[in-house]
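*Asks:* If you want the building blocks of each chain, they are given just below.
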Amino acid sequence: MEETMQVSGLSRDQVIEELMTDYGQEVLQLVYTYVHDAALAEDLTQEIFIKCYKALSSYQGKSSLKTWLWRIAINHSKDYIKSWYKKNVDVIETNVLAETLETGDLLEQVVQHSEDDALFDLVMALPVKYRELIYFYYFEEYSIQEIASILSLNKNTVKTRLRKARALLQKALGGNPFDGNTF
Amino acid sequence: MTETRFKQAMKNQFQKVQFTEKHREAVRKGMHEELSDQVLLPLLQTMRTGYEITQLLYTKNKDVVHFNEGMIYASLHRLEQQQLVVSEWHENEKRYVLSHKGIKLLTKLNKETEKLPSLQQLLKEMCYAND
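First to last, the sequence lines map onto chains A and B. Sequential numbering from -14 applies to the first sequence in my numbering. Sequential numbering from 31 applies to the second sequence in my numbering.
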């Protein structure tokens, strides 16, 4: 991915300070993509950096520090979602969401919002495994290889899921959301 | 809709979240607490006064404690509020020792960080944190 940051010479505070400067905003955006609640995303992002601080002494330098940070951020967000769902949501409700997405009703529901809001809501309504790919591929513009590495997935799995994610969006929007070839 | 348009739409949405100095400060506070936990909890397995702890750290690293005596008392106070330590008064001196909850946290900390930073390293960081 990128150059491995030289950790050894710096104290843990300094490493975290640098990580916050370089990736604070990106981590926050990623977490927001997962939880779709600004205040919650802010809290979780703070926890993620503190978690990194705790874990830094066991960082082996096997992956780049950036990849390592992304993985902690992703796991922390997913753990939160899992525990939240367990506490609050019936299985039925997620099915309703899936159906809504399929019938494209959601677009009508959010028609009072701006087009941007509607599109974002559509992305947010995608299952997490597609949503994270949309974020990394279309927004952060990472390569398939990089995404595979961050998410610990096979390259082909990433490609398949991306295709599926686009198909879902396409269906909901009633057309191809992305012109041109993206693979 | 084009990809560029889609990206712009996402970008506009992300304006709603901004990583600011406020968040950095909260992280710094969290790091600070974490660090003082790592330094102080092992020392509080035995009942000690704040002064004894200061002296103990002083013998390990002279620069640190000179600047951080206030910080040590503040941390002891926080640990007590979090019920990680309990205290008792003994001949006009307050003595602190790990509570049951504190012992559990220390065990967890030891397990979590397989490769714990050395005390020397921690003390250096404390010095830095105080700059």
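In case anyone wonders, no lab produced these hints; they're calculated from the structure. This one's a predicted model, so the numbers in the text were calculated from it and none came from an experiment. Heads up, the beta-carbon is just placed ideally off N, CA and C, and yes, glycines get one too. Incorrect hints may appear among the rest.
If you anchor each label on the Cβ, the simulated ranges turn out as follows [stated by the list, open to error]: (1) A:PRO112 with B:ASN42: 48 to 54 Å; (2) A:GLU126 with B:THR89: 51 to 57 Å; (3) A:SER49 with B:THR76: 41 to 47 Å; (4) B:LYS134 with A:LYS63: 23 to 29 Å; (5) A:LYS114 with B:THR76: 24 to 30 Å; (6) A:PRO112 with B:HIS130: 38 to 44 Å; (7) A:LYS140 with B:THR50: 33 to 39 Å; (8) B:THR89 with A:HIS21: 50 to 56 Å; (9) A:LYS114 with B:THR34: 24 to 30 Å; (10) B:TYR88 with A:ASP22: 28 to 34 Å; (11) B:THR76 with A:PRO112: 50 to 56 Å; (12) A:LYS140 with B:MET77: 53 to 59 Å; (13) B:LYS134 with A:ALA24: 29 to 35 Å.
Some chain A residues well away from chain B (every beta-carbon gap over 10 Å; in silico) [unchecked claim]: (14) ARG(-3); (15) ILE1; (16) GLN14; (17) ILE57; (18) HIS61; (19) ASP64; (20) TRP69; (21) ALA110; (22) VAL113; (23) GLU131; (24) ALA133; (25) SER134; (26) SER137; (27) ASN139; (28) LEU147.
*Asks:* Against each hint, give a clear statement of whether it holds in the structure.
*Replies:* Verification of the supplied hints:
no.: 1; hint: A:PRO112 with B:ASN42: 48 to 54 Å; verdict: violated (23 Å)
no.: 2; hint: A:GLU126 with B:THR89: 51 to 57 Å; verdict: holds (54 Å)
no.: 3; hint: A:SER49 with B:THR76: 41 to 47 Å; verdict: holds (42 Å)
no.: 4; hint: B:LYS134 with A:LYS63: 23 to 29 Å; verdict: holds (26 Å)
no.: 5; hint: A:LYS114 with B:THR76: 24 to 30 Å; verdict: violated (51 Å)
no.: 6; hint: A:PRO112 with B:HIS130: 38 to 44 Å; verdict: holds (43 Å)
no.: 7; hint: A:LYS140 with B:THR50: 33 to 39 Å; verdict: holds (36 Å)
no.: 8; hint: B:THR89 with A:HIS21: 50 to 56 Å; verdict: holds (52 Å)
no.: 9; hint: A:LYS114 with B:THR34: 24 to 30 Å; verdict: holds (25 Å)
no.: 10; hint: B:TYR88 with A:ASP22: 28 to 34 Å; verdict: violated (47 Å)
no.: 11; hint: B:THR76 with A:PRO112: 50 to 56 Å; verdict: holds (53 Å)
no.: 12; hint: A:LYS140 with B:MET77: 53 to 59 Å; verdict: holds (58 Å)
no.: 13; hint: B:LYS134 with A:ALA24: 29 to 35 Å; verdict: holds (30 Å)
no.: 14; hint: ARG(-3); verdict: violated (6 Å)
no.: 15; hint: ILE1; verdict: violated (6 Å)
no.: 16; hint: GLN14; verdict: violated (5 Å)
no.: 17; hint: ILE57; verdict: holds (13 Å)
no.: 18; hint: HIS61; verdict: holds (13 Å)
no.: 19; hint: ASP64; verdict: holds (15 Å)
no.: 20; hint: TRP69; verdict: holds (18 Å)
no.: 21; hint: ALA110; verdict: holds (14 Å)
no.: 22; hint: VAL113; verdict: holds (16 Å)
no.: 23; hint: GLU131; verdict: holds (17 Å)
no.: 24; hint: ALA133; verdict: holds (21 Å)
no.: 25; hint: SER134; verdict: holds (22 Å)
no.: 26; hint: SER137; verdict: holds (21 Å)
no.: 27; hint: ASN139; verdict: holds (24 Å)
no.: 28; hint: LEU147; verdict: holds (13 Å)
Hint compliance for this structure: hints 1, 5, 10, 14, 15, 16 are broken, all remaining hints hold.
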